[in-house]
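**Q** Taking the hints into account, I'd like the entire structure generated from these sequences.
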Amino acid sequence: MAWLSRPLTLVGLVLLAHGCYSAHEHTVLSSTSAQHSTSPSTAALPLDIYIETAVATFLLCVGLVLGSGTLKPIEWHTWAGKIEREADRSLSGSGDADDATGNPFSALEARSGFINIHKLHGDFVKYSQQLGK
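According to mature numbering (1 follows the signal peptide of the UniProt record, and there is no 0), the sequence shown holds residues -22 to -1, 1 to 111 in order.
In case anyone wonders, no lab produced these hints; they're calculated from the structure. The hints are all genuine.
Restraint-style ranges between C-beta atoms, simulated for each label pair:
(1) Gln108 to Lys50: 41 to 49 Å
(2) Arg63 to Ile93: 23 to 31 Å
(3) Leu42 to Cys(-3): 16 to 24 Å
Computed from a predicted model, the values in this text were never measured in an experiment. Note that beta-carbon positions come from the ideal geometry of N, C-alpha and C, so glycine has one too.
**A** This is the structure in structure tokens:
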């Protein structure tokens, strides 16, 4: 749907600009006519300007949503699992920095001061099971 997002966004922007221009023109014309008139009148914006602005905002939002990239998982374990599964490849085909795979924390985990508690717990469980036999 990438081909549809740009025209929708463009149409939404044009309609929004036209709606803003129409609202400005209406305000200027109504204030000018109020200066020449003896009775103060406050004219609200016409309904078509409200509708045009709402439709333009909707089209603009739909165009931007359709043109956005794929969403990344928000659950940490899903994201970390995906990174660990793809650790053997350095980059996917696009070459984007966001598509870089591999564990971004491997430099931190390889430090001598880093302690992997889960691995140590697993080793301790194995050790205690061997002692219990």
